[in-house]
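Protein chains: 2
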Amino acid sequence: MNDVKKYIDENKDRFLNELFELIRIPSVSSKDSNKDDMYKAADWIKNKLLADGAGHAEVMETEGHPVVYGEKILDPLWPTVLVYGHYDVQPAEPFDLWDSPPFEPEVRNGKIYARGANDDKGQMYMHFKAFEYLLKTNQLTCNVKFMIEGEEEIGSPSLGKFCDENKEKLKADVILVSDTSMLGPKIPSITTGLRGLAYMEVEVTGPSHDLHSGLYGGAVDNPVNVLCDMISSLRDDKNKINIPGFYDDVEELSKEEREEMARAPFDMEEFKRHIDIAEVNGEEGYSTMERTGIRPSLDVNGIWGGYTEKGAKTILPSKAYAKISMRLVPHQESKKIEQLFKKHFEAIAPKSVKVKVEFLHGGEGYVSPTNTVAYQAASKAYETTYGIKPIPVRSGGSIPIISLFEKILGTKSILMGFGLDSDAIHSPNENYALEQFYKGIETIPWFYKYFTEMSR
Amino acid sequence: MNDVKKYIDENKDRFLNELFELIRIPSVSSKDSNKDDMYKAADWIKNKLLADGAGHAEVMETEGHPVVYGEKILDPLWPTVLVYGHYDVQPAEPFDLWDSPPFEPEVRNGKIYARGANDDKGQMYMHFKAFEYLLKTNQLTCNVKFMIEGEEEIGSPSLGKFCDENKEKLKADVILVSDTSMLGPKIPSITTGLRGLAYMEVEVTGPSHDLHSGLYGGAVDNPVNVLCDMISSLRDDKNKINIPGFYDDVEELSKEEREEMARAPFDMEEFKRHIDIAEVNGEEGYSTMERTGIRPSLDVNGIWGGYTEKGAKTILPSKAYAKISMRLVPHQESKKIEQLFKKHFEAIAPKSVKVKVEFLHGGEGYVSPTNTVAYQAASKAYETTYGIKPIPVRSGGSIPIISLFEKILGTKSILMGFGLDSDAIHSPNENYALEQFYKGIETIPWFYKYFTEMSR
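Top to bottom, those sequences are chains A and B. All residue numbers for the first sequence refer to the working numbering, where the first residue is 1 and numbers rise by one. All residue numbers for the second sequence refer to the working numbering, where the first residue is 1 and numbers rise by one.
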């Protein structure tokens, strides 16, 4: 298998051009206007799986966007790896902050710039090319299945039912996922924890119509001011989330566990410089890594109300809105947090306004043990191509479906991410380093090899 | 002058059609895209003044939108009344809340529905038709001047300089303005106080770009959450404005004055029902009328930041914005409040964000004494046409230019408003009752008559 580098080198331009074809399809799952693009992307993936050597591939309908399934079964007695990825992407807005159009991929300074360059088209496509290599060179020693969905960025609402209805088809020894990041370009890491998510939208209505702020201001509660008061009250002066019951299921890690975590390299100055802030801030008593790794958080993802165009309009608005999401840690249940949030938000609203609280999407956190065959195989694969042992880390992000897989399919996942924190996923100018893309294609075949060997 | 009702009756359809022509010109002063419409409206007004009998009229350039000046000088020794009005209107957004298009006036249930139906095209045009009547019937006993501006809704930024450069031309014994409202359709009132205004726009910047809320949430301050905290802290739990020095120049009214004010009719249930709120709220220790009449207020007129479209985008936004305005009472200076606000807002910002504070526009409050010839003449005019003496009231709104007139021209203003609080000015479905429109045309000539008699 030492020819993998040579194979990549001989085919690297083709690999990139194929990925660019997929990126050019604007498969934004949250927008109704992109519905046709979801099918276009799904068909493209099905055809590519067949071209790369899958014995069977199909686009499967769900209640939402379709799932692409593909498989190469060499011997039913061999171990089976199920590759999970997603072809949908986040919206690209605000467009004017992109240096090049989000759906026209461009390579600058050794990086691919585009929506989906990393998350997850770029990372997912590494698996297709590693698969192609193993088949073309007759080195695949296990069975491989693919499940590529189109609703990850909206919380995978249809995938639970899909898994439930296709348990036999999806049967595997491990689920392999590349949708996370490494600590640095030379510091491989394996994500062993993920946060859950509860994403809410709130609407606050004051008067039935916009009022003249002179004639009414001071005598009638303004829903924007009220919403600001309510949002502000959701966190206390120690940055703890101020919702009764919110921390009930949060696991307090032991001193030893926190010390072990603290060994991961972290450069505070570099962290602040990269996002251009003068000071970090978060829950009292926890480090920056802990605040995103083992503690829940609450963020306003968007807010709007009243007059937001150029100039001055002197109104007391009728309505104000916000999208508020909470990242959860393992054991916190998304549905329970949703209920606690709704109850609390309605309770703190003054009588002068009406409040609506809607649950947009959510999912559970996940903890992956390090003593499994899959973890050991992934660790050895990274060590083979990077020369150092990867560090286990807990990530602040959420891939809600990972905990669902365990619940429904009874299968553990292994998160071999090749992204970098500087890739600006979900942001303008999302990018993915060519080096990471190719290193991923190089590392994945070793995982198959070691996983097969260790499973026997 | 008892033929005025007959004259109105014979010409009422023409009056309305003329007003509709003006309303159809979308003269929104805050939008660059409506620049041509400002000149179109100004020209229309100039031509109408000439047609109605002005001896001279002209469109005069300013640094912003033009002012229309017109005059009828019958005898330099006679008293002179300067009519002030404005041809610009507020933006009509949100368009989808209008029952009929804002710039296509429509009469329904005895009311004109359109942007500017009342504020100020409808109220201003009453003066044109009263002027026409007095000239056509040879009953004008004083000189009349008109100054109709195009920047009232954006704070009249050019009018101060205009007045300063045209002091001789604008010389008058009183300035007559219809840009306020009456207490009810049968309850005439004269506005004797107006609030000032300081209108700010703030920008809060956190990280240099939108971040993934999972990877960063909890460890990095979110500018939307920070903005909510800051806005929330601007008022204390008694709804007092929490800016150091803010109340320094606020005049505390005597018990007697407050008792006199409390005599104005006010129906709390009707007030709440009209705007569909369950409860009023405002500064502790003051009534609803006092909260808008004699106390300052602070309102968020608009707020925006992060992802505001359909669905869920899991970002920690880079920026958050708000338009925040304060209504001021007489003696509070707009410029001083602007400085206090800016200093305070910058001071309370945490180090994790950068803050920009911009002053959009403002103006001073105004108090008009009731013992002047103009007040007595206006009072008698209303009494003649409505059968009851008007009530002096302090309005919560602002016409910043009124205090500037006194400062620059040395001339007092008299505010004869014919609007109603239910007219939804600045809101969707702005309207103006035909009865108020015609009653205004009927009442104004009596003011000229009494003012001339009392001035001699």
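These aren't lab readings, by the way, just hints derived from the structure by calculation. It cannot be assumed that every hint is accurate.
Unchecked claim - With the Cβ distance kept under 7 Å, some of the chain A side facing chain B (calculated, not the full set):
#	residue
1	A278
2	V280
3	N281
4	G285
5	Y307
6	P330
7	H331
8	K335
9	A347
10	Y386
11	G387
12	I388
13	K389
14	I391
15	P392
16	S427
Don't be surprised by glycine CBs; every beta carbon is placed ideally from N, CA and C.
Quiz item: Which of the listed hints are broken here?
Solution: Of the numbered hints, 4, 6, 7, 8, 9, 10, 11, 12, 13, 14 and 15 do not hold.
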